[in-house]
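*Asks:* Numbering of the sequence shown is given in the numbering used here, commencing with residue 1 and proceeding in unit increments.
Don't read these hints as lab results, they were simulated from the structure.
Here a beta-carbon is modelled for each residue, glycine too, at the ideal position from N, C-alpha and C.
Be aware that one or more of the hints could be misleading.
As the list claims (entries may be wrong) - The following label-pair restraints were derived from C-beta to C-beta distances:
no.	residue 1	residue 2	range
1	P44	A9	49 to 55 angstroms
2	A13	S36	32 to 38 angstroms
3	Q4	F40	52 to 58 angstroms
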Amino acid sequence: MLRQIMREAAADARQKSEAAHKRYFDQLRRDAIEQSRLWFKNNPNLSTAQ
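Between the sequences and the hints, there should be enough to build the whole structure, so can you do that?
*Replies:* Have a look at this one:
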């Protein structure tokens with residue numbers, strides 16, 4: 001019985017951890033895109049340099 005409870009608790013913790021990591025990295029990616037957008041907006045001559 002205890003083994004089943006511990007297994008379910010571990011599965012629940014794993015699922016919550018994966019969801020939290022996904023949210024964190026999704027937000028990190030959105031923030032990086034926004035920062036790049038703002039940087040290129042403020043430095044337009046560099047955004048087209050070759």
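*Asks:* Work down the list of hints and note, for each, if the structure agrees.
*Replies:* Hints, verified against the model:
Range check, P44 to A9: about 54 angstroms between beta-carbon atoms, so the 49 to 55 angstroms window is met. Range check, A13 to S36: Cβ separation about 35 angstroms, and the 32 to 38 angstroms hint holds. Evaluation of the 52 to 58 angstroms hint for Q4 and F40 yields a pass: the beta carbon distance comes to about 54 angstroms.
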